[in-house]
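**Q** Given next are the chains, with one letter for each unit.
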Amino acid sequence: MNPWIRICALDDIPRLGARVATLGGEAIAVFRTEDNAVFALHDRCPHKGGPLSQGIVHGRSVTCPLHGWRIGLDNGRAEAPDEGAASCLAVKVEGGDVYLRAAAAACTA
Amino acid sequence: MDMSELPQGKKPRLILVGNGMAGVRTLEELLKLDGSLYDITVFGSEPHPNYNRILLSPVLAGEQTLEEIVLNTREWYAENGITLHTGKTVVSIDRAARQVVADDGTAAGYDRLILATGSCPYIPPLPGTDLPGVLAYRDIADTQAMIEAARQYQNAVVIGGGLLGLEAANGLSLRGMDVTVVHLNAWLMERQLDPAAAALLQQSLQAKGLKFRLGAQTAQLLPGENGRVAAVKFKDGSTLSADLVVFAVGIRPNTELAEAAKLHCHRGIVVTDTLQTVTDPRIYAVGECVSHRGVAYGLVAPLFEQGRVLANHLARHGIARYEGSVTSTKLKVTGIDLFSAGHFLGGEGCEEILLSDPIGGVYKKLVIKDDQLAGAVLYGDTKDGAWYFRLLREGRSVRDIRDHLMFGEDHLGDLGHRGETRAAAMQDGDEVCGCNGVCKGAIVKAIKDKGLFTLEEVRKHTKASSSCGSCTGLVEQILAFTLGGDYSEAPKVKALCGCTEHTHLDVRAAIRDRKLLSIPEVMRQLEWRTPNGCATCRPALNYYLISTWPGEAQDDPQSRYINERAHANIQKDGSYSVIPRMWGGQTTPAELKRIALVAEKYHVPTVKVTGGQRIDLLGVKKQDLPGIWADLDMPSGHAYGKALRTVKTCVGSEWCRFGTQDSTRMGIDLEKALWKMWAPHKVKLAVSGCPRNCAEVAIKDVGVLGVDSGWEIYVAGNGGIKTEVAQFLVKVKDAAEVLEYSGAFLQLYREEGIYLERTVHYVARVGMDYVQARVLTDAEGRRALYARLQFALQQEKDPWLERARDGVQQHEFATITL
Ligand code: SRM
Ligand SMILES: Cc1cc2nc3c(=O)[nH]c(=O)nc-3n(C[C@H](O)[C@H](O)[C@H](O)COP(=O)(O)OP(=O)(O)OC[C@H]3O[C@@H](n4cnc5c(N)ncnc54)[C@H](O)[C@@H]3O)c2cc1C
Ligand code: SF4
Ligand code: FES
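If you read the sequences in order, they're chains G and S.
Residue 1 is where the first sequence starts when you use the numbering used here, and the numbers rise one by one after that.
Residue 1001 is where the second sequence starts when you use the numbering used here, and the numbers rise one by one after that.
One or more of the hints may lead you astray.
[To be verified] Below, in silico cross-link-like pairs of lysine-lysine (DSS-like), each with a Cα-Cα straight-line distance of 30 Å or less:
1) Lys1494/S x Lys1682/S
2) Lys1369/S x Lys1722/S
3) Lys48/G x Lys1608/S
4) Lys48/G x Lys1448/S
5) Lys1722/S x Lys1460/S
6) Lys1572/S x Lys48/G
7) Lys1011/S x Lys1262/S
8) Lys48/G x Lys1445/S
Hints are computed from structural coordinates only; laboratory data are not their basis.
So that you can see chain G by itself, here it is in the shape it has in the complex (with noise of 0.2 Å):
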């Protein structure tokens, strides 16, 4: 199994807002809702590849730049009626500090 890889600061994220990682060359969009909670989603819209890192986050979504799909954070996938999902990679907070795990994980949900 991957080792956890630290990103950044819990902080360094914005408060219903994201950052966006490289890794490998790909990018990762780390989002953080407003109860702190992170999630990790490849930066690409199952739509037409928007970049997810730069949408409004809300509650347990994001809504995507480009055409407005809603993509769920926690298992990438996007709102009826659009059908399509991102994939998600795991990450975690510990004393401050957010981690990822690079091999992308089975979504939970």
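Place chain S with the ligands on chain G using the hints.
**A** Structure of chain S with the ligands alone, referenced to chain G:
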């Protein structure tokens, strides 16, 4: 509700009597708000689950099947935990014991009761109405009986030449019967049509094979040898053979059960604005059985609106009110286009605009009262029905568009869809929504398969009309056309978004009156349904806060759309574009050199001159933005914002041989005075030096036109989705006045506009008279508006400079490399 009476942990019981369109719609709305509040039980007399009654006509005409018109399947009831009793008529309500009993003895207790018993067809008390072969037209059973009769018999008489009667007659005729419509009045559909339109309708129906007896009073129905009805006899003694007689002379609210329970009824079960009966606070009523402010409605649109309000109260949100509806009518006879709404007959104090082309089969009549559209009848060409209906319901002043009114919405300029707005004429494969690539066929299918009734629902299920909105009218037409009859148009007062019940204007007022200063505070005080809103409400709230309380409310970057957060325009590939400000479209060799150097240094793939007289650097990486801004050393052009964009100018008197005024200077002064101004939507200005108008002032939010004696100011023009010509506001003498009047107008818009409403729509909503009163007549008010604008602008900084020089919001631009 007083929960203390309930055993602990048990949900209150909600019973619905009447498994029809209004009642079940109410349950759907309630489930949307909160599915866990009640134990729900439904009683319905008919043996079917809820179906779309208005589509019985296409079923009778053989255009649709019964299976296709079911709205809620039995599985739907099961999935939502609803106990369904079909084929059971509730015969009594014991209000003391809070229990209802059905005809088969089934009893059930309630804590809340909804009566949605619909109406009963009215059958006049004439001899012979009880004969076999005599029917009304109300439900599936009636429809099946008619279809059955059409197989065996030849002659049908439909009594009643209204909407329902004509649809029945048309269906029977299509099924091969010889049909005569008998009508008491001298012309058809007198409650929806004037004599001229009715004559055209009658002609078309006659061409389809229907026969008519107008002004005829039925005296009696006569039996034949087999005991079945055989003829209709009239007051004048004449007779007409008939093996089938269908009554469609009117409906009466079905209040039998309510009256037996001693609930106050007067032309319907009397309810308040919250749909509660006036007699028993535990009992509500909704739909055709109701009398609200003395009116009983017989079309689905108002009933659905009632359902929405009732659901709001049952879900204990307790803020919605039903205040009555304006209705419109369409006849669902394929091949006949007819629309009518409002006070179409005119009368005292009304003016009429008429267009009549009997040969082309087109007739239109618009009734205007006090500068508002009061009624409309359209025959033969109904494509503007939805638009007229909207004008009617919104009570918008039509004074300024009067000359064009008759020619329809297209005529006001609609580049997107001119000439092809006839939903009916479109092929299934024709594209309706150009933004999301949705074709007519897909919309029609979604409406039929998923039982959609409203524009919002179509948007949600198909995405059509959910982006730029220019196809909204077309989608509304497809809805009207597919549902045939009336459908429920978007409610008159729209909630800001799904997170709240409140409208934009309510929220604006609350922010002002209660001095709310942050988004969480607004959401708390106004009881938002979601923890932190959504991508629709948050940007609106942020704008309302900073425009109402400049310098006090905190601007929240996380509630701004990415363009305004990154201060650049996001592109389809995730890169950004940079458009620096070029005051009044005028530049210098030094600026051009810097732009060129930046483009080379950062490998900017495309450099383009925009339609707004400046230069666009496209395809910039986000992390390069602060560097580019620093090197450019030019202010932000706000090309990404709901803000002042460009002030377009022409060369003017400095160089031009026709120039009467220095339009370039005026434009630069305006741009320097107004830049950094956030607004409900983007704002564009232009200044031309003479009436040749090379800067196109007529399609700008504020257009300034130089004339020999001064400046003319025009407002509320628009050159985008829907081109609209600006309206003359005032003529002034000098540049200082141009600044004051333009600034005051824009501040008024900033303070009162709805988020994403351009000036053209704002002025259409409040009326030019109002704008004139605030900006012209009230000189002191004008100066105060302009002063408030200047105060607000003083709080704003150049966002590029802040980020390039002071490192503001650095995290927005820096990527983390792992
Ligand atoms: C760059 C430019 C096209 C060009 O290459 O010339 C442009 C580009 C865009 N326009 Fe425009 N518009 C541009 C001039 C116009 C004009 C002409 C003008 O301003 O003189 C119009 C018609 C005038 C008007 O607005 O009334 C125009 C009417 C629109 C509309 C329709 C607005 C409406 O109310 O009907 C939209 C959609 C919107 O804003 O919701 C839009 C939206 C857009 C967006 C922002 C679409 C988007 O959300 O990404 C495009 C951004 C591309 C980008 O990233 O740069 N653009 N757009 C022009 C920028 C001018 C500038 O220097 O700032
Ligand atoms: C043929 C036809 C075409 C129409 N076309 C249009 C149109 O184009 N546009 C439009 O807007 N409207 C149209 N209408 C009218 C529209 O269908 C009604 O306005 C709407 O259905 C009324 O809804 P409701 O829930 O109040 O009543 P209903 O839909 O009639 O539902 C009432 C239900 O309650 C049941 N019920 C009554 N009493 C009891 C009881 N004691 N116990 C149990 N159940 C009971 C009834 O059997 C019925 O099923 C049309 C109607 C008909 C018949
Ligand atoms: S620049 Fe304007 S007209 Fe051109 S594609 Fe974009 S939004 Fe449409
Ligand atoms: S790319 Fe995300 S909504 Fe289109």
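**Q** Does each hint fit the structure? Answer for all of them.
**A** Now for the hints, and whether the structure bears them out:
{"no.": "1", "hint": "Lys1494/S x Lys1682/S", "result": "holds (22 Å)"}
{"no.": "2", "hint": "Lys1369/S x Lys1722/S", "result": "holds (27 Å)"}
{"no.": "3", "hint": "Lys48/G x Lys1608/S", "result": "holds (25 Å)"}
{"no.": "4", "hint": "Lys48/G x Lys1448/S", "result": "holds (29 Å)"}
{"no.": "5", "hint": "Lys1722/S x Lys1460/S", "result": "holds (24 Å)"}
{"no.": "6", "hint": "Lys1572/S x Lys48/G", "result": "holds (8 Å)"}
{"no.": "7", "hint": "Lys1011/S x Lys1262/S", "result": "holds (27 Å)"}
{"no.": "8", "hint": "Lys48/G x Lys1445/S", "result": "holds (25 Å)"}
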